[in-house]
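Starting from the two chains in their separate frames, assemble the complex, guided by the hints.
Line by line, the protein sequences give chains L and R.
My numbering puts the first residue of the first sequence at 1, with every later residue one more than the last.
My numbering puts the first residue of the second sequence at 1001, with every later residue one more than the last.
Source of the hints: derived by calculation from the structure; they are not laboratory data.
This structure is a prediction, so every number in the text was calculated from the model and none was measured.
Label pairs and their in silico Cβ distance ranges:
hint, chain 1, residue 1, chain 2, residue 2, range
1, R, P1109, L, S124, 16 to 22 Å
2, L, P61, R, T1070, 38 to 44 Å
3, L, I246, R, K1053, 30 to 36 Å
4, L, S124, R, R1054, 44 to 50 Å
5, L, L92, R, E1280, 23 to 29 Å
6, R, R1054, L, P61, 41 to 47 Å
7, L, S124, R, K1114, 26 to 32 Å
Even for Gly, the Cβ is constructed at its ideal location relative to N, Cα and C.
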Amino acid sequence: MPDRKIKQISVISGKGGTGKTSFVAAFAYLGKDLVLADCDVDAANLHLLVAGRPGDGKAEPFKSGFKARMDADVCAGCGRCLEVCRFHAVRLTEGAGPGRGNPVSIRELSCEGCGCCVDECPVSALSLVENTAGELYVSPSRFGTLVHARLAPGEGTSGKLVTRVRQRAVEIAYRQGAELVLIDGSPGIGCPVIASVSNADGALIVTEPTVSGFHDLTRVMDLCAHFKVPACAAINKWDINPDLTISIEEHCRKREVEILGSVPFDPVFVRALTAGVTVMEYGESDAAMNLNAIWTALQNFLRKYGNGDSNAAAN
Amino acid sequence: MSTTVAIASGKGGTGKTTLAVNMAMSSPSQVLLLDCDVEGPNVHLFLRPEYSKRESVTVLKPVFDPLKCTGCGQCRKACRFNAIVILAGKPLFFEELCHSCGGCVRRCPARAIKESPTRVGSLEAGTADGLFFAHGLLDIGQSRSSPLIARVKEEGMKRGLVLIDAPPGTSCPMVESVRDADFTVLVAEPTPFGLHDLKLAVMTVRKLEIPFAVVINRADLGDESVKIYCFENAIDVLGEIPFDRRIAVLCSRGDVPSVSIPEYRAMFLAILERVLCRIEK
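Okay, chain R solo, but in the shape it has when bound (with noise of 0.2 Å):
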């Protein structure tokens, strides 16, 4: 059995990668590390991996065959995200809205659709120090990038512990990265930005059902808002991460404070083991 902890937050830039790299770099078992923000991925920049698989992730998109195709518009009306128009008697599909459902496909009475897989970006998987890693990289000017994180996701492994590194905010990105976690770890910022953020993410992660907790991060830079918010609402607070120059300087450059500061090595283990912890419960 494996176990999945997703680290995620609303509001963005709040240290989810910081965390999710220290905890996996401090932790004395096996370890995979997913980067599921597509978008934008930064792991890779603090691990270094050494890739042992790049490859093509693709869609299901259809394509209509002119000579089959009798106009008919039964493929326009079982799309219900306007993908396909009827113009002159001919289907005119806009790809952008599709959302690869095949319904066009099985609609058609003339058998003048086939689905052919469209590349929507890449898949990278390796390791580094023992470590396995995997992440996924959104093709620019790509929009839907929940494909993309679900087969990042099928990188799992059998055994041992899984980490998310999920995308910021609370829509369908997010929820794709979390929704199969075992446990979420949502990271804030005390500051009114970050507290209204959290709100949000408790929101969603309540509404998937999957049991979670806080890390605050930078945790003497604002004020006790995000404390207060935990404690009224019975959500544990699984650590604090505070603002440090010198952890600053180490993320600017792609260095781990974990690895060269041993303070931290423990402070970062201890956030873990109390996320295990929990889960066992």
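So here's chain L without its partners, still in its complex pose (with noise of 0.2 Å):
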């Protein structure tokens, strides 16, 4: 194994809607050397910013766990299933009932594979198969490739699929030679979220000075001390309201949760992304050059608190 550490930056939020993919597409454009990857595996949306040839990527399955599988040639409607059943996944069809020797049927998106009805059908009508929970794509892209993935509709195994983009990002930055995966998260803090902190480098919160922004952005750096994940944070749209951008800073200092920068509330996001770039190439904006040194502090603020040697080791 190459001696240097590679290291991982992840851009999270709490809420919605914040500026996440935004952030993370003008970093890829001022870095040098890096893997992207877009970690928000149920709505991913980096690579409309980033990939010169969108869907180029090549795609491999993503295989996560098992669904249940009814024959209902040879159920004989005891119900037993639905007894076990802890998920709601076990529906009776249409004038069927227990007992009454009609056939139940599985409600695929609630499933969880536990393999609980089939241990316990006594006629074996139930079986496992694998399942195909989405897919993940290596893509090129402008800035480097970029690593993200596609969970189906309804699917619930995304920590899983996160880790997977977060592994395939890394053995990518090892074989190029770059130094630096940049995560573009998912909002919450459930377990993609997770998957994409845990044993991070940083975390970097992008939020607004919103209530909701500000109520999120307190369980997010929660999280992140949970997890002893050094976090950072940057405001945008910091003058819908002046006032709570002043209380949020307030709050971070006193959790010692360094504030980057602050971006203003700009039009200049909504057309970039209209026209499919990042805000850097959308001409000069104030919202540019706030990118521009919040990126800039970002890599100081990777230098003060992620593996220190890894730098050196790099050169």
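Shown next as structure tokens:
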């Protein structure tokens, strides 16, 4: 194994729609020698801003867990599966009932693949089949390789897929001699977010001065503290509510979370997005200038908190 | 009979909470508003409800009795989530992988496994301005939100209108929130991100066989692609909320536009009426 450590920085937010992906795309434009990992696997968008030819990537199936399958010809309709299933995944078919000799059916989106129904079925009408829960792609982008994925609608193993995306991005970074994996995370604090931040060298929380943004910022700060990931923050659309921006800054100072910078509300975000380019490429703007400053601060943050000697080793 | 309408979106930050709160506040009839975004619940920031109920929500996790356990490894075989490994003749349990299916308990020949409640978060319920409200709050570090969402949904009423504010995305938390709804409103923003994630959300609600329609938020900020997509796929657009800095500023403070701006009250009420009209059909 190479003796240098790839740094991983995860961009998260708690609340959705604060600008994670636009920030990551801007950093991708500004950075050198990086690999991009879009870990918002249920609504991946980064490719829309950075991929030269979308959908060009090589697709790999993502197999995860199982789903129960029912053979209606064998089912005796005893209803035992209905009793043991804790996920409401067994449904009576029209006019059927337990013990009436009518088959039941499986609600695929509710089935978690525990196999309890399979183990308990007295006539072996149920079996477990391997589940393909989505696809993973390695795509060339305008700013380095992009690893992204698509979770099949309604699937439940997003954390596992996020971990797979990150692993693949790190492998590629080793091969290419890249120093940094830049992770675009998902909203919330649940399994995909935990998988996006755990063991990362740092997390940048993109927030906004709204009561919702502030509330969710504190939750995601708690999450970073819980998993011992060094966190910093940036405030997007700061001028929507300047008073709340000050409150957020004060709160971050109290919790020793460094604020790397602020970006005003700027229609250039939507314009760039509509044009399919990063904010940096859409002409001069205050937003571009601020993003540039945040990127510089983020690199300093990484030097301070990321694994200290990895820089020396990389040279 | 009660009617349940879920408000969902693929992309985050499109305005689900704004729509849910404003529809609830402009409704002339009794409403129960359930915030099922248990990872980042925000509805309470707008309603500032008076709470009448606070309780812990738990899931069942196996507990192994070392005196009874023979180390036979049947529990490991029963667990499809690899949450149990046998080490030196003893089961080792990885709680974060457990789905609480109860398979190991049933399988154990020595009856050495019991189930014990483990906290995953909390449920809070109350009222605000004659509106009923409940939400869930996932504990930090917990990864599975579905059991908590299911618990929040149990607060449903026998009569009247239930509005569900769903979490973003298209994976299990969103599915758990919308799957029993009579109708789903998908909130989309008219940008390439919004369109991309709207398509994924449409695939999900179609798979769930739930009737749905779209509301476009910040309708004048992006492009026409969401409207064109809806038109080409025969998806109803029930309303277009303009980008208005007044809305942005009010919402940033936790204020509700339909309370302070009459024209918005009329607009959100009209969207709600169109939803109810489609359910009747």
